[in-house]
Each structure stands twice: as C-alpha cells, then as structure tokens.
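Undergrad: Residues per chain are reported as follows:
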Amino acid sequence: MTSTTGRTRMQANSYTSGRLPRWFAPALFAASMVAGLSVIALLTAAGVLPEFPIVLAVLVGVVLFDVLITVIASAAEGRRAATDRLVTSLVITAFVIALLPLISLLYTVVVNGAARFDLTFFTHSMRSVIGEGGGALHAIVGTLQITALATIISVPVGLFAAIYLVEYGRGPLKRAITFFVDVMTGIPSIVAGLFAYALFALFFGEGVRMGFAGSVALAVLMIPVVVRSSEEMLKLVPDELREASYALGVPKWRTVAKVVLPTAGAGIVTGITLAIARVIGETAPLLIIAGFTSSMNYNPFSERMQSLPVFVYTQYANPGSQVEFYLDRAWAGALTLILIVMALNLIARLITRYFTPRTRR
Amino acid sequence: MTGATTPTVSDAASGRSSIQARLGDVIFRRLALGAGVTILVALAAVAIFLVAQSLPALIADPADLRGEPESFWHYVAPLAFGTVWAAAIALVIAIPIAIGIALFISHYAPRRLAQPLGYIIDLLAAVPSVVYGLWGITVLAPAAVPFYQWLTENMGWFPLFAPPASGTGRTVLTVAVVLAVMVLPIITALCREVFVQTPVLHEEAAYALGATRWEMIRITVFPYARSGIVSASMLGLGRALGETMAVAMVLSPSAIISLAILTPENPSTIAANIALNFPESAGLQVNALIATGLILFIITLVVNSIARAVVHRHERSLESR
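Residue numbers (our numbering), protein chains in the order written: chain F, 1 to 361; chain V, 1001 to 1321.
Same shape as in the complex, but just chain F (with noise of 0.2 Å):
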C-alpha cells in the first residue's frame, strides 16, 4: 500500500495500515443512501419538487456513495486502491438502476391492476360493454387455444429436429439445420406475424384473420427455441448410456426412445416451458393475424380471436368515452398476463430441481 499514513503509524499492522476498515464501505452506502433520501425529502418539503421522487434519491444516494468511496479511499489507500474502490461501486450502482425499472414496474403493475382483478374480470368479455365492467374470458380463452396450438405445431417438429441434429445429422444437412435455426432465432416476432398473415391470405384471401394463422406465427417463434434446448440436453445425456444400450442389440430409435429422451426428460421440458412462457406474451403477431375482438370465439379456424396481450394493447390504444375503465382493465390484463409468465418460469425451474437425473454435475 502507499505510504500517505507516513511514520506515524508505522507500528500498526501492515497488513491492515492505509486501508479502510471492512465495515466502512457498506456503512458509507448506507449512510449516503439516508443522505440522498433525506436531501430529496427536504427539496420536496420546501415545495422545489412537486411529489416525492423516490427514483430520484436512490440515484441521488448511489451516486453520492460512488463520489465519497472514491475521494475518501484515494486520500487514505492510495490511487490504485481508489480505483478498485470506484469500481466496486459503479457495479453495484448499476445493479441498483437495474432494479430500479424492475421495482417501479411490478409495482405499477400490481398496485394498478389489483383494481379490476376481480371475479367480474375472470367470468366476462368485453361483449356489448361500453365503459364499466367487462372482462378479459375471450382473450384467456383465446390465448390458452392459440398458446396450446403452437405448442402442439413447435413440440414435435423442435424435438425431432433436435434428435435429428444429436443423434442422426451430419455433413452439410446437419450444418445447414444448426445454422438456419440460429437464424430462426433472430427473427423479429412482427416480421413472423407478416409471414403468417401472407401464408394465410394465400389460401383464404386477403383480410384474412385467424387464431389458428396466430399459433403459425408463434410456432415459427417457439422452434428455435425447442431446438436449441432440446440439442443443449439431449448432449448432455452420457454416450456411455447410448453404447450400454447398444451392447445390449437395442436397436437405436428404442436407445433414443426409451434411453435418451428420459434421461434428457426434465431438462427438454423446462424448454418446452420456458418456450411456452416466451410466446404467451407475444403480442405484435397477434395483433396483425389473430386480430381483435370483443366477443368469445371457441374456434380458432375462423374469424378474429382475442388474446390477453392484444387485450391489453387493445384496452390501452382505443378507450372509450370513460378512459379509467379501460386503463383499468389494461392493467389487470396486463397483472394477469405476468402472473401466468412468471408461474411458467416457476414451473420450469421446479421441474429442473425436481426431476433432474443426479448424476449431472
């Protein structure tokens, strides 16, 4: 360390002399962060700030932390010492505005739609309804169909494919297939909606609106990633289960059937969950082919469809008269779109934890 502390500390410790305690740097944090909420407080008791900016503070205080961390440890551990200590704190003031847009969100979502997330909200549509009232069933419905359709499309072709590229693929095919998945993967969720909507009108003329055409776009947007996951497991399983099998005269679709897919088993449907939980809050390509509407509609081979995303957007973009009501349904549809998101992702690292085979790792 540097020698700013000079002799008179020459008898201290010199593994400890010309650093700051351990305790300084989280007290400083805490310290700068009661400063920057309470400077803000004062600013916006004296009437500078209309309403309490709590965004505001916390970046006042992380700031505030990044400035003192760097100007006390400079004078007392020396430049270097410094550096490392600005650092260390504008990871951490990243991960804080990180949070930030993270907490304000979830929590305009649930303070916003705990209004309408009611039963009325579950059991209505938005059929012949004007201004109170009203609920989301059609869209619910709409999406669970059209969600469940393209898992049934994406499941099988994404596994096979997968199969495909671990167990059988080689040469320029195999290659081909890895390289246009990546390239499946980038595709703009809007551009798969076109796709399906200039698919659809081929056939059913040009207007045309349809659940079904719904769950092509999604599919087209859900195998990548079954591909991918699906691959990623399916290489995981140890090779010396495979040739345990075939010593045994396993024929290979058995080995691949009754051997590899239930060791990969958990791991390919977390994928699939994860993938499900990926396009269930796809919107745009919903919005262009599956359409809007008020009304339930059970079949998904005809006419427009609703689903919760596009309810949302919907609710948002074209209010009535009294624009609460809708804003207020936006907001429960849009509470109950996250809830379904996030118990997906639940679902999918339970089962990892759960029903992963013990020998990995």
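What the hints contain is simulated information worked out from the structure, not anything from laboratory work. C-beta atoms are modelled at their ideal positions from N, C-alpha and C, and glycine is treated no differently. Treat each hint with caution, since some may be false.
[Said to hold, decoys possible] 25 Å max Cα-Cα, derived SDA-like pairs, lysine to any residue: (1) Lys258(F) to Gly1024(V); (2) Lys235(F) to Val1026(V); (3) Lys258(F) to Ile1019(V); (4) Lys252(F) to Gly1024(V); (5) Lys258(F) to Leu1023(V); (6) Lys235(F) to Leu1031(V); (7) Lys252(F) to Ile1019(V); (8) Lys174(F) to Val1041(V); (9) Lys258(F) to Phe355(F); (10) Lys252(F) to Val1037(V); (11) Lys258(F) to Ile1027(V); (12) Lys174(F) to Arg1022(V); (13) Lys252(F) to Ile1027(V); (14) Lys174(F) to Val1311(V); (15) Lys174(F) to Thr1212(V); (16) Lys174(F) to Arg242(F); (17) Lys174(F) to Leu1043(V); (18) Lys174(F) to Val1037(V); (19) Lys235(F) to Ile1019(V); (20) Lys235(F) to Arg1313(V); (21) Lys174(F) to Val1310(V); (22) Lys252(F) to Arg1030(V); (23) Lys174(F) to Ala1042(V); (24) Lys252(F) to Ala201(F); (25) Lys174(F) to Leu1033(V); (26) Lys258(F) to Ala244(F); (27) Lys258(F) to Arg242(F); (28) Lys252(F) to Val1311(V); (29) Lys174(F) to Arg1029(V).
[Said to hold, decoys possible] Have a look at the derived ranges for each label pair, beta carbon to beta carbon: (30) Thr352(F) to Gly1024(V): 26 to 36 Å; (31) Arg127(F) to Ala1309(V): 49 to 59 Å; (32) Ala1309(V) to Leu248(F): 43 to 53 Å; (33) Glu240(F) to Gln1197(V): 20 to 30 Å; (34) Thr352(F) to Ala1143(V): 35 to 45 Å; (35) Ile1298(V) to Val63(F): 40 to 50 Å; (36) Ser1071(V) to Pro238(F): 53 to 63 Å; (37) Pro238(F) to Ala1208(V): 29 to 39 Å; (38) Ala1309(V) to Trp23(F): 45 to 55 Å; (39) Tyr1119(V) to Ile152(F): 25 to 35 Å; (40) Ile152(F) to Ile1059(V): 32 to 42 Å.
Fit chain V to the supplied structure of chain F, relying on the hints for placement.
TA: Same frame as chain F, now just chain V:
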C-alpha cells in the same frame, strides 16, 4: 446370450426383431430428418412469402402508399433510420449497465447471493413487451418530462438534445430507455456466462502479482471476454431492432429523419409502424408494410450474422491457442 445352443430359434427371433428394428429405425430416422427439413422449408417459406407479398409495393405507383411519398424508399428511409437509431441509443445505455451487473454477479457478489441476483435480472426478461409499453407510457414518459425540459434548456446546443422538448415524454429517448431495460437481461446473461469462464489460473496469477480486483478484471477477464461482450451486444441489438409493442405504444411518430431525441416529432420504427398501421390497411398498403417487414428481417439477419461470426472467430482462436 444363449444363441450358440439353439441357433435356429435365436436366428429366427433375431431375424424378426431385426426387421422390426430396421423398420423402427427407418421410421424414426425419417421422422427426425423430416422435422429438420421442415425447419428449412419453413424458413424458406418465410423468405419466399415475404418477398412475394413485397413485390407489388416495390413496383407500384408510390402515390398509392400511405402518406404519398416520392417512392417506396422514401417511405422506408425514416422508418429504417428510426429503427436503427432507437436501438443504437438503447444499446449505448444498456451495455455498460449490463457489463456492470454481469461483473457484479460473476465477480463481486457473495457466491450465495449470485444465483438469486441472476434470477432477479432474469425476471426483467419475463415481462411481456406490451406490459413494458404500458409502463413506459404511463410511468416513465410523464416522469421524464421535467428532465427533458431541463436538458433542452441547458444543453440544447448539443444536437441530440435540440429543443423543443416534448410535452408528453413520448420521445426516442424514452423508447430507448424502455428498449434498454428490455435487452438488459439478454446481454447480462450472455456476458455473465463468458465472465464466469475466465480461466481461474489467469485470475489467481493476476492476484499473485499484487493486482487489485479491478486490475485483475482489466487484465484477465476483459481480454478473455471481449468477443463475448461484442456478440452479446449484437444479439441485444437484434432484439431491440425487432421490438414492436413498447415502441408502438410509447413513441409519438412522424415521418422524419432527425437526430434530436427529445422533440415531439420522432422517426418511427419499422416494427412499430407495421403494428400501428396493419389493422387498418388494405391492398397495396399491406404489401408496403410487408416490404418494410422484409427490410427489418434483413437488417436483423445481418446483425445476428455479425454476432455469430464474432463468436465463431473467437472459438477458433481459443482452439488454436
């Protein structure tokens, strides 16, 4: 096997089962191959249908297009500019923060906390884009208005902050912030993955030479992870380019090309323009929108290919070491 003592029986049995096995193998193999080919066909179909539906707009009289531009390219140019511009600003905001968070999780946070913290950041990825749009327009945009006014009044000489400030906050900068939040988890997750893979021996060697933690990161982690950071950023860019609903809901669009990011007049993005106009379009306008979608597809394809090429080169350079 007891095959040696009863040759006839076992031959017959194995003969039958091998026919079954061969049939099963053939069917299974065909299924797997068919699924792989289906993906190729689907992608080819996407390209062919988009091109086929775009052609009418490219050769038609531009007067039939929305807003009556001089040509189709005059119609696309502001949208393409807006798409790239908003995504680029979003990345400028997101990359430093993402690297910071990834470092925090991989090298700074206590090991027991690292995984839960990673989950928290992943939560950001779980929020559907329409909810981000709703949050952006009702929370972020109004909150940002005073800040924007301050910026235009005090830093208006800087081209990006040129006045007048938007009164609603529905500007490119607000969109870019929302996009930054949306791509943050992807970039963070990928960066974290490469940071964790830094050889421990390199890190310990740096510490042994007396490096502080930051010096260790600068001389071992960053050189090792540079290409990983680049490809993560490019993948984030690809995601930001294609993002639709958040932009469609937050931005107040107009058909201009302008660098100012705080004004009420903003260039829209391709994806948002499609989402806003598709439901009310018919005939040639639909073709024009599909043509813009094709251009968006090509832009994202190029960006993703560059990302993949960077990763590929890095993998090769690691192998040759």
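Undergrad: Hint by hint, note whether the structure agrees.
TA: Hints versus structure:
This hinted pair checks out: Lys258(F) and Gly1024(V) have alpha carbons roughly 13 Å apart, not beyond 25 Å. Distance restraint check for Lys235(F) and Val1026(V): the Cα-Cα separation of roughly 22 Å lies within the 25 Å cut-off, and the hinted pair is therefore satisfied. Taking the CA atoms of Lys258(F) and Ile1019(V), the gap is near 19 Å; set against the 25 Å cutoff, the hint holds. For the suggested pair Lys252(F) and Gly1024(V), the alpha carbons sit about 9 Å apart, so the restraint of at most 25 Å is met.
Simply put, Lys258(F) and Leu1023(V) have alpha-carbon atoms about 17 Å apart, close enough for the 25 Å limit, and the pair holds. Between Lys235(F) and Leu1031(V), the direct Cα distance comes to roughly 19 Å. Compliance with the 25 Å bound is thereby established for this hinted pair. With a CA separation close to 13 Å, the supplied pair Lys252(F) and Ile1019(V) stays within the 25 Å bound. At roughly 14 Å between alpha-carbon atoms, Lys174(F) and Val1041(V) fall within 25 Å of each other, so this suggested pair holds.
Between Lys258(F) and Phe355(F) the CA atoms are separated by roughly 17 Å; this keeps the pair inside 25 Å, and the hint holds. The straight-line distance between the Cα atoms of Lys252(F) and Val1037(V) is roughly 21 Å, inside the 25 Å bound, and the hint therefore holds. About 16 Å separates the Cα atoms of Lys258(F) and Ile1027(V), which keeps this hinted pair within 25 Å; it holds. At roughly 23 Å between alpha-carbon atoms, Lys174(F) and Arg1022(V) fall within 25 Å of each other, so this suggested pair holds.
Annotation: proposed proximity of Lys252(F) to Ile1027(V) holds, straight-line Cα distance about 11 Å (limit 25 Å). A C-alpha spacing of about 19 Å is found between Lys174(F) and Val1311(V), which places the hinted pair at or below 25 Å, so the restraint holds. For a cut-off of 25 Å, the pair hint linking Lys174(F) to Thr1212(V) is broken: about 46 Å separates their Cα positions. Distance hint between Lys174(F) and Arg242(F) is fulfilled; the C-alpha atoms sit about 20 Å from each other, no more than 25 Å.
Proposed proximity of Lys174(F) and Leu1043(V) is supported: the alpha carbons are some 15 Å apart, at most 25 Å. For the hint pairing Lys174(F) with Val1037(V), the CA-to-CA distance comes to about 10 Å; that is within 25 Å, so the pair holds. A C-alpha spacing of about 29 Å is found between Lys235(F) and Ile1019(V), which places the hinted pair above 25 Å, so the restraint is violated. For the hint linking Lys235(F) to Arg1313(V), the alpha-carbon distance of about 23 Å falls within 25 Å, and the restraint holds.
For the suggested pair Lys174(F) and Val1310(V), the alpha carbons sit about 21 Å apart, so the restraint of at most 25 Å is met. Taking the CA atoms of Lys252(F) and Arg1030(V), the gap is near 13 Å; set against the 25 Å cutoff, the hint holds. At roughly 16 Å between alpha-carbon atoms, Lys174(F) and Ala1042(V) fall within 25 Å of each other, so this suggested pair holds. Pair hint Lys252(F) plus Ala201(F) does not hold up; C-alpha atoms about 42 Å apart against a cutoff of 25 Å.
For the proposed pair Lys174(F) and Leu1033(V), the alpha carbon gap of about 10 Å is at most 25 Å, so the pair holds. For the hint pairing Lys258(F) with Ala244(F), the CA-to-CA distance comes to about 13 Å; that is within 25 Å, so the pair holds. At most 25 Å may separate the alpha-carbon atoms for a hinted pair to count; Lys258(F) and Arg242(F) meet this at roughly 10 Å. Between the alpha carbons of Lys252(F) and Val1311(V) the distance comes to roughly 34 Å, so the proposed pair goes past 25 Å and is violated.
Between the alpha carbons of Lys174(F) and Arg1029(V) the distance comes to roughly 14 Å, so the proposed pair stays at or under 25 Å and holds. Taking the beta carbon of each, Thr352(F) and Gly1024(V) are about 31 Å apart, inside 26 to 36 Å as hinted. Between Arg127(F) and Ala1309(V) the beta carbons are some 52 Å apart, a value that agrees with the proposed interval 49 to 59 Å. Separation of Ala1309(V) from Leu248(F) is about 44 Å and conforms to the stated range, judged on CB atoms against 43 to 53 Å.
Range check, Glu240(F) to Gln1197(V): Cβ separation about 26 Å, and the 20 to 30 Å hint holds. Take Thr352(F) and Ala1143(V): their Cβ atoms lie about 38 Å apart, and the range 35 to 45 Å holds. A beta carbon spacing of about 42 Å between Ile1298(V) and Val63(F) agrees with the range 40 to 50 Å that was offered as a hint. A hinted range of 53 to 63 Å holds for the C-beta pair Ser1071(V) and Pro238(F), which are about 60 Å apart.
Remark: the range hint 29 to 39 Å for Pro238(F) to Ala1208(V) is upheld by a beta-carbon distance near 37 Å. Judged by the Cβ atoms, the range 45 to 55 Å given for Ala1309(V) and Trp23(F) holds: they are separated by roughly 49 Å. Between Tyr1119(V) and Ile152(F) the beta carbons are some 30 Å apart, a value that agrees with the proposed interval 25 to 35 Å. The beta-carbon spacing between Ile152(F) and Ile1059(V), approximately 39 Å, falls within the hinted interval of 32 to 42 Å.
Against the hints set out earlier in the document, violations occur for numbers 15, 19, 24 and 28.
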